[in-house]
Amino acid sequence: MEYMRLNKKNMAVFIEELGRTCEVWGPVKEGEQVKYAPVSNATDMALDGFKNSTMSPKEIFFPQSEKMLSFRREGEDANIYRDEQAQPTKKAIFGIRPCDARAFRILDMIFKNDQFTDNYWFSKRDATTLVGLGCTEPCSTCFCTSVNSHPFDEKGLDVLVSDLGEHYLFKALTKKGRELVAGISVMREPSDANIEAHMVLRKKAEDVMTVQFGTDKVKDKTVLELFNEDCWTGISEPCLNCSTCSYVCPTCHCFDIQDEVSKEGGERVRNWESCMTWIFTVHATGHNPRPTKKERVRQRFMHKFKYIPMKRNGEIGCVGCGRCVALCPVNIDIREVVKQMNS
Amino acid sequence: MKNPYLPYPVRIEKTVIETEDRNIKSFKLVFLNDDDCKTFDYTPGQFAQLSVTGKGEIPIGIASSPTEGDHLLFTVNKMGVVTTALHNLIEGSIMGVRGPLGNSYPFDKMKGKDVTIIGGGYAFTTLRATIVYMLDKKNRADFGKITLIYGARTPGMLLYKDTLAEWSKRDDINYNVTVDRDAPGWTGRVGFVPAVTEQVAPSSKNAIAVICGPPVMIKYTLPVMIKLGFTPEQTITSLENRMKCGIGICGRCNVGPEYVCKDGPVFSMAQLKEMPQEY
Ligand SMILES: Cc1cc2nc3c(=O)[nH]c(=O)nc-3n(C[C@H](O)[C@H](O)[C@H](O)COP(=O)(O)OP(=O)(O)OC[C@H]3O[C@@H](n4cnc5c(N)ncnc54)[C@H](O)[C@@H]3O)c2cc1C
Ligand code: SF4
Ligand code: FES
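In the order they appear, the protein sequences are chains A and B.
Sequential numbering from 1 applies to the first sequence in our numbering.
Sequential numbering from 344 applies to the second sequence in our numbering.
By construction, these hints were calculated from the structure, which means they are not laboratory data.
Values in this document were obtained by computation on a predicted structure and should not be read as measured data.
One thing to keep in mind: the hints can contain errors.
Heads up, simulated BS3-like pairs for lysine-lysine below, C-alpha to C-alpha not over 30 Å straight-line [as the list claims (entries may be wrong)]: (1) A/LYS67 - B/LYS512; (2) B/LYS481 - B/LYS456; (3) A/LYS294 - B/LYS345; (4) A/LYS67 - B/LYS398; (5) A/LYS217 - B/LYS616; (6) A/LYS124 - A/LYS219; (7) A/LYS221 - A/LYS204; (8) B/LYS616 - A/LYS219; (9) B/LYS345 - A/LYS124; (10) A/LYS263 - B/LYS345; (11) A/LYS263 - A/LYS217; (12) A/LYS204 - A/LYS217; (13) A/LYS263 - B/LYS421; (14) A/LYS67 - B/LYS381; (15) B/LYS345 - A/LYS112; (16) A/LYS263 - B/LYS398; (17) B/LYS616 - A/LYS294; (18) B/LYS456 - B/LYS368; (19) A/LYS112 - B/LYS381; (20) A/LYS124 - B/LYS480; (21) A/LYS90 - B/LYS512; (22) A/LYS112 - B/LYS616; (23) B/LYS616 - A/LYS293; (24) B/LYS345 - A/LYS155; (25) A/LYS293 - B/LYS562; (26) A/LYS67 - A/LYS8; (27) B/LYS421 - A/LYS67; (28) B/LYS345 - A/LYS175; (29) B/LYS357 - A/LYS263; (30) A/LYS112 - A/LYS124; (31) A/LYS311 - B/LYS452; (32) B/LYS371 - A/LYS339.
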């Protein structure tokens with residue numbers, strides 16, 4: 001039962017049955033934006049013409065602002081930080097795109113290293129089953145095939161779903177995924193034709209999505225060679241350091257830690273932060289190792305295409321979702337940047 | 344699972360104002376829980392994140408050596424929000440410590456070699472720890488000749504005056520403490536660290552040098568070291584960059600592919616030559 005088939009007419013049953021064991025999330029329209037949110041009904045989901053969520057879904061496991069610790073001013077444990085993480089709710093997310101699932105896998109490598117594990121990320125991540133939807137019509141801003149991926153990439157997903165028109169074809173990829181599929185009464189064995197149709201869709205999407213740039217020279221050049229390229233002045237010239245790219249990006253993960261006080265005590269929170277800001281690196285002495293936008297813009301691209309691959313087994317720190325391409329107010333296009341880096 | 348962001352509670356047992364400008368203060372801390380104390384297994388060169396509730400967290404080098412017992416020593420220069428809040432805490436206050444963090448000085452490479460320690464200003468903290476560690480009865484035989492060159496603007500700006508006085512009486516450390524210019528009552532060396540280094544001229548044969556201090560001191564001392572024959576591999580320093588998590592996750596402190604908080608803060612000059620100068 002690697003593959004199972006769900007008639008779209010039975011989506012309501014699917015959501016209902018799944019909802020008995022966990023919270024079900026899916027893409028939902030909110031004004032002009034699409035985001036992942038809890039759904040109680042199949043019709044809550046904005047699957048018609050669905051491309052991808054406006055913001056990346058990283059916020060599900062890594063909220064823009066998250067309480068980490070708390071403390072009280074009075075009592076036996078006055079001024080002692082306490083860890084009060086709640087047990088995360090079990091979730092299944094329907095409709096995650098393969099690029100975003102791959103970004104989760106990259107963040108798994110970031111939020112855990114040889115010494116430390118960030119439990120705030122993993123507790124939520126481990127409690128979630130990802131039911132991804134292969135991309136049949138990639139957007140003009142997408143470029144997953146240029147960053148070692150493709151529109152039906154399975155890495156990072158628990159279940160890959162193919163939209164066959166009348167049916168969805170479910171391919172269970174992990175234990176979590178198999179359990180989810182097995183728990184739904186309206187799943188049916190697919191026909192050979194169903195599986196064949198899935199293969200055709202997958203092939204078609206890959207063919208449409210041609211490779212737009214290479215990364216071979218970026219890999220071969222040394223850190224300092226890339227760092228000292230002339231291209232950075234021109235690339236950074238239009239940048240406003242607005243940080244939009246960092247906030248929408250599924251792999252950007254930098255955060256700030258701050259204490260917030262209340263009458264009785266306070267909390268230690270973490271907030272998304274961006275390497276585009278001046279405050280990010282400035283020392284208490286006033287010295288700033290990245291004083292202008294040139295250094296900051298360079299950092300963002302070097303991090304994704306050189307530093308992360310060097311430290312994480314060649315994995316590129318960009319999944320080609322194209323959100324930053326679509327949303328950058330001055331039209332900086334990461335594809336053009338990498339072409340220059342790779343020249 | 345252990346939460347690497349959760350500080351251990353500690354009590355400030357003692358504070359000492361170190362310098363005549365009253366801007367640098369040392370904090371002797373004791374753990375509230377024995378288990379935390381046992382878990383906090385550190386080596387000189389490492390740092391910790393110090394927490395003041397409601398103010399935040401800052402990375403500070405560990406100035407004590409594990410050979411000195413269960414307490415921890417930190418020496419803090421008053422700069423901004425958190426360092427000022429820390430200076431305002433009185434003895435007996437409860438605060439937080441998270442660590443130990445970062446790599447350490449390369450004691451495995453220093454063993455069997457002469458070690459020259461060159462320091463200036465308040466960056467002397469982890470160098471103090473290193474010297475105390477090497478001079479400890481159990482460790483002294485592991486190292487060859489130990490040379491100290493430490494400079495401050497004035498005698499009143501030198502840290503750890505009691506400890507310095509003890510070292511100056513020992514015959515197993517070549518002790519060179521200097522101040523920038525003559526001062527009433529000062530009988531020691533006078534001159535900047537680079538010039539004193541040239542006079543002391545520690546041998547580079549089978550030796551390691553550790554240099555920490557203000558950027559200008561390092562800038563003018565490095566050429567002297569090269570003249571003395573120290574290779575980039577033999578010359579070690581410790582970097583400071585703005586930090587948050589201290590555990591290689593938040594993305595704040597990188598210099599090229601290396602996180603200062605986790606892959607550093609200690610690097611050799613040979614490593615730094617391959618890295619962008621973003622520190
Ligand atoms: C490895 C290492 C070892 C060190 N060892 C020592 C040592 O032994 N002794 C010593 O004295 N110093 C040491 N330092 C330097 C020390 O960490 C800094 O001096 C200290 O962090 C300054 O903190 P502050 O709160 O006083 O300064 P501030 O300038 O007030 O800033 C500190 C924090 O406040 C917040 N902040 C301030 N302004 C803003 C803003 N505009 N927006 C958002 N956030 C802001 C940030 O969170 C920032 O990290 C070391 C540094 C490193 C990296
Ligand atoms: S850098 Fe841009 S294209 Fe790449 S993953 Fe981030 S938002 Fe998507
Ligand atoms: S301080 Fe967070 S990565 Fe170094």
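Which numbered hints fail: The structure conflicts with hints 1, 3, 6, 7, 11, 18, 20, 21, 26, 32, although it agrees with all the remaining ones.
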